[in-house]
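Peer 1: Next come the chains, spelled out residue by residue.
Number of protein chains: 2
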Amino acid sequence: MLYFVGLGLFDEKDISLKGLEILKKVDMVFAEFFTSRLFGSNFEAIEKLIGKKIAILSREEVEEENIFIKEAKNKDIALICGGDPLIATTHTDFLVEAKKKGIATEVIHGSSIISSAPGISGLQAYKFGKVTTIPFPDDNFFPHSPYMAILENMKNNAHTLVLLDIQAHKDKYMSVNEGLSYLMKVKDERNEMSERNENNEEIAIDEAVIDENTLAIGIARVGSKDVVVKADKIANLIDYDFGGPLHCIAIPSKLHIVEAEYLVEIASAPKSILDKV
Amino acid sequence: MLYFVGLGLFDEKDISLKGLEILKKVDMVFAEFFTSRLFGSNFEAIEKLIGKKIAILSREEVEEENIFIKEAKNKDIALICGGDPLIATTHTDFLVEAKKKGIATEVIHGSSIISSAPGISGLQAYKFGKVTTIPFPDDNFFPHSPYMAILENMKNNAHTLVLLDIQAHKDKYMSVNEGLSYLMKVKDERNEMSERNENNEEIAIDEAVIDENTLAIGIARVGSKDVVVKADKIANLIDYDFGGPLHCIAIPSKLHIVEAEYLVEIASAPKSILDKV
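Chains as they are written, first to last, in our numbering: chain A, 0 to 276; chain B, 0 to 276.
Calculated from the structure, these hints are not laboratory results. Here the structure is a predicted model, which is why all the values come from computation and not from measurement. There is no bait here: all hints are sound.
To give an idea of the interface, some chain A residues facing chain B are shown, with a C-beta separation under 7 angstroms as derived from the structure:
(1) 17
(2) 85
(3) 86
(4) 88
(5) 108
(6) 111
(7) 123
(8) 124
(9) 125
(10) 264
Using N, Cα and C, we set each Cβ at its ideal position, and we do this for glycine too.
Using the sequences and the accompanying hints, generate a full structural model.
Peer 2: Right, dumping it as structure tokens:
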């Protein structure tokens, strides 16, 4: 039997009672380092809670050797991960692998950034479009796609949840500030790509634009006691200190009055946003 | 102090350790009947777990009298609800109300259908567009909007999570079958609305169509041991027995090969879908 157990959002106490019972009773518990980190806790705290050691696997041991699937043939095995176990695509692959080998599986869901961040942002969950992720840029790698995803959502009257890159092996977690700087750099590059029409007038290549005046919501440490939700125009958020990881961003499309009121009261947005709804 | 505690997806063991600790220590626990039902459990099981009574409020007591916010001025109060506490819009309103009255708040997130259903559907979470909900139709109430939302998502290459109406006060929960029948009835009505061009040829009013041949995924009882995930064309799912509530539906847009493999292996979709990716 192979259990996929989500640890939830932040620390070792975000696991469900159901998940904890399973971790206590199984023969072995595995974790993969690259998706499993809990920011408000560590593996030792979980080991203490469940009364057994957690075997931490490298990416190779997980993806190439499928160690925990092999073990699950004759034993009760649990694979733990942060958040909800099926949000990471690799885990749905494991479910398929296990099924092909005739191993029974059960999924214990956990609280996930995908549902919790929209909730705590004060924006209505059913008005979010596609999620996007901003990657750490590299020498020849600076995709405009996250910016374009936000524009596309705005065109569809949809809010955007913007996840920020995690490079756990380098202990690097993108901040709201870095994410917003990334978006402003894309904006600059796209402005430079503007074209000129037959009358030599400049034509922007995008219908709309996300710029320093765009309202954004920076969110830090969802699921912890010191969660921060701060809404303001990007120019003001770009230097705001959100504290430690994990961070994410929500970019609202057109606001409903109830959403605007939440942003003013809870996320200390400028009161002027109430005039625009 | 006012805590918003999410109970998670299905039964009393889907609450987090953090949530349970809070319910044990607060002075009073409130629930509102209309969003709080757990399908795999009941309030008595939670009361046993937390060692105190839960005060169940009517809609009026919650929305007009704000009873639990009044109590939170001088006491530690928890308001419980199924899933994640901030997915229901009413709860973000309570957060605003409490803030205005100077009451400190804390949110304990829970596993939610918004993230768990996309995960268990095998479709990639970041490829979902706006969520839609199919309402129970009434004499003069049969909106086409859920159908249009799915078409809109398809146009944007986005999958759709379709939630199904809950009328808890009447103990009515829409089934996958009823939801799919609703969509097919919308399709029929829209076909009847087709227009004729100058050559008297019929022109459909929608660019695309969701019909009996469209692939859909019926999902029942996420978070329970007997979760059902079944993918097939609508014609075959419309009479399939998914068992007890809660149900929801996912309608895929264009599939990635990994998604198609999951649907075949885990959701017993017809193998022919592999030829189309």
